[in-house]
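Please arrange chain B on chain A, whose structure you already have, making use of the hints.
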Amino acid sequence: MDVNVPDARLMPDTLAPPAAFSGRGRRFAWTFLLLAVAFGAVPAAIVGTGSSYLAQIAITTMIFVILSASLNHVTGTAGLLSIGHAAFYGIGAYAAALLSTKLGLPFVVTLPAAGLIAALFGFLVALPTMRLVSIYFAVATLGIGEMIYVVLLNWVDVTRGPMGIRGIPPIELFGWQADTLLSRYLAVAVIAVACVWVLHRLTHSYYGNALRALREDDQCADSMGINVERLKIESFVVATFFAGIAGALLAHTSAYIAPDNFRFMESILILAMVVVGGLGSLPGAVVGALFMIVLPEALRDIGDYRMIAVGATMFLSILLLPKGMLAEGTALGFVRRSFSRGWATIAGGTPVGWK
Amino acid sequence: MRKNAILGAVLGAMLATTAVQAADREIVIGYQAPLSGDRSQYGEMFRNAAQIKLEEFNASGKLAGAKVAITFEDSKDDPKEARNIAHKFLDNSKVVGVIGDFSSTVSMAAGEIYAAEKMPQLSQTASHPDFTKLSPWQFRNITTQAFEGPYNADWIIAAGMKTAAVIYIQNDWGISALDGFVSGFKAKGGKITATEAFNPGNRDFRSILTKVARQKPDVIYLAMFYEEGAAFAQQREQLGIKIPLYGTSSLYSPKLIELGRESVEGLHLATTFTPDNPDPAVQTFVKEYAARFKSEPGMFAAQAYDAVGIMLDAVAKAGPSVTRESLRDALAATSGYPGVTGATSFDPVTREPAKALAKMMVKDGRFQVVTGP
Chain A
1 MDVNVPDARL MPDTLAPPAA FSGRGRRFAW TFLLLAVAFG AVPAAIVGTG
51 SSYLAQIAIT TMIFVILSAS LNHVTGTAGL LSIGHAAFYG IGAYAAALLS
101 TKLGLPFVVT LPAAGLIAAL FGFLVALPTM RLVSIYFAVA TLGIGEMIYV
151 VLLNWVDVTR GPMGIRGIPP IELFGWQADT LLSRYLAVAV IAVACVWVLH
201 RLTHSYYGNA LRALREDDQC ADSMGINVER LKIESFVVAT FFAGIAGALL
251 AHTSAYIAPD NFRFMESILI LAMVVVGGLG SLPGAVVGAL FMIVLPEALR
301 DIGDYRMIAV GATMFLSILL LPKGMLAEGT ALGFVRRSFS RGWATIAGGT
351 PVGWK
Chain B
1 MRKNAILGAV LGAMLATTAV QAADREIVIG YQAPLSGDRS QYGEMFRNAA
51 QIKLEEFNAS GKLAGAKVAI TFEDSKDDPK EARNIAHKFL DNSKVVGVIG
101 DFSSTVSMAA GEIYAAEKMP QLSQTASHPD FTKLSPWQFR NITTQAFEGP
151 YNADWIIAAG MKTAAVIYIQ NDWGISALDG FVSGFKAKGG KITATEAFNP
201 GNRDFRSILT KVARQKPDVI YLAMFYEEGA AFAQQREQLG IKIPLYGTSS
251 LYSPKLIELG RESVEGLHLA TTFTPDNPDP AVQTFVKEYA ARFKSEPGMF
301 AAQAYDAVGI MLDAVAKAGP SVTRESLRDA LAATSGYPGV TGATSFDPVT
351 REPAKALAKM MVKDGRFQVV TGP
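In order, the protein sequence lines correspond to chains A and B.
Residue numbering for the first sequence follows this note's numbering, beginning at 1 and increasing consecutively.
Residue numbering for the second sequence follows this note's numbering, beginning at 1 and increasing consecutively.
Chain A with its partners taken away, still in its complex shape:
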């Protein structure tokens, strides 16, 4: 694989930062651009059009950006194919819902608690399953995902079963309540950006290189002194933590949750986002989430053929871009250059390694 050897040939010119930025300005160009879209353009569009539909889609997209980016961390970067991600999303959502409705805990507590509870379950699941590889690990996560779904459905005393939990309070921070859709979007966007930033620092680092190494050949990585089992467990726990955070955001923005939000198809949807975006590519995971949420909504007007069109688009995208919309190699070079994460020995030279 060429993923760890940055090569200028892998980087199309279009991904290079705008020429107008140079020096310090160039260093932050992409960061500014992305933040400007998330906190400038999208809110402006919501206010400008007055469309609550747009705001709702933006919120859903942000939640799925977290899910897709976190699944990419374990499945793309560390190479553990997990098809039970929605279950941890569900655990986070139920944790936040129960802590806030039964114990009256505020959002500042329920949000991290949801992540930690999901991560705890992730840890317990990881312990026995880490010796499994490839499809065997996938089947184990499938089983565990179904198990958690069935528990949510049948443990009526705690989860209220198919009745679901309603009356979950909206996001609230020290007296400020996100009661309009715009403020709800902004709160979710801030958290989503923070989650992606943490995953970015984990992936785009020598720690990330170690994860990629064990994905490529775990015995080889082991012989190089990498603690394979520990790294696998860590990546799974990190991914489930962020899935839990996404669940808490769903619970607090939608006010009502039920087990049907966390069915197997949801895991598959998240996996599709990761694969369509580019397996192992964090920018790809973000683009994949955007694509898979926005496309079905954009195609609403074509009626009955909508899902066929979505399926065909996915099929073509995988056929024509098998490495995803933003392939891992391209994405790593892009991150090294545009977010200034790699070392450049000479000015304008190809950056290498990680800062």
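Treat the hints with care, since some could be wrong.
Stated by the list, open to error - Non-contacting residues of chain A with respect to chain B, defined by C-beta distances greater than 12 Å in every case (computed):
#, residue
1, Ile57
2, Ile59
3, Leu81
4, Phe123
5, Pro128
6, Arg131
7, Gly143
8, Gly175
9, Arg201
10, Leu290
11, Ile293
12, Met325
13, Ser340
14, Pro351
Said to hold, decoys possible - Straight line, CA to CA, 30 Å or less: simulated DSS-like cross-link-like pairs of lysine-lysine:
#, chain 1, residue 1, chain 2, residue 2
15, B, Lys363, B, Lys188
16, A, Lys323, A, Lys355
17, B, Lys363, A, Lys102
18, B, Lys118, A, Lys102
Because the hints were derived from the structure by calculation, they are not lab data.
We treat Cβ as the ideally placed atom computed from N, Cα and C, and that holds for glycine.
Positioned in the frame of chain A, the structure of chain B alone reads:
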């Protein structure tokens, strides 16, 4: 700046009123249902039935000066899609009311938004006890076990039977059916001799039957589905037990008779819709549906047909200048709507539906409408 805005608003309002006077106003009802995915067959039935009812209504001239249209949106039975649709309908100022969704979870996911943003919502099928408790904006026209249980209890008491044993399936639905019947039966002075649960998938009722028959109740009440109902009736016949059977509407299926044959003879149940009901309204609907879509309408199509009918009647009552508020009030005032699933009224406070159910019994190998107790 501000003056201009006010001027603009006044001008806009004037233009809007002249436009209304000039042409018929277009009123839109949103319909969200699973039109693709696992449960698309239900959404398809809803859409078919809704189209028939809408055409009937627009041709009837009940609402002068306005034309009603229905916009369908596909929710895929997915709560997140339902939330998007809810906002799409809310953004469209022409939409004054929404029908749907199919399952309770999805209806409630959207319902939370309709409740907060004040849009009347009528679900044809959401039976979750909390659905109508979300806000005064939620309605449903499907009866729950909390209604059906006491209704059947009244029927049994009126037929002169005083003691009953209840056999129910061990799930949330079965428990609600048990609660509904037992409370209704006791309230009318009846006595429950035994309540016996069985796990979903169980087909052997012999031990339950022998145990229950020992106490000699006047009637055995079955809260289960047709597969179990048929097995139960056959084993009762084999054991030579003659206690009459009454059951929930969930047993109403031609499969019950196909599987149970002679053993289900004499089983009584009350249901909302039956295609062989001689009522002319039912017959018109069944014929029209069969002619257009080449299949006999089931209970789900009938529920949608009536939901649309109730919604459109409320629009007509509120008049051509209907708003979301006035439509809600008109819906809440629904009383004795003559639908194909029985005359429907909404309780003005709880917004729960009450219906006159069709009383049926199995006779000569088919379901027949019973008149009298």
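Which of the listed hints are broken here? Hints 1, 2, 11 and 17 contradicted; others consistent.
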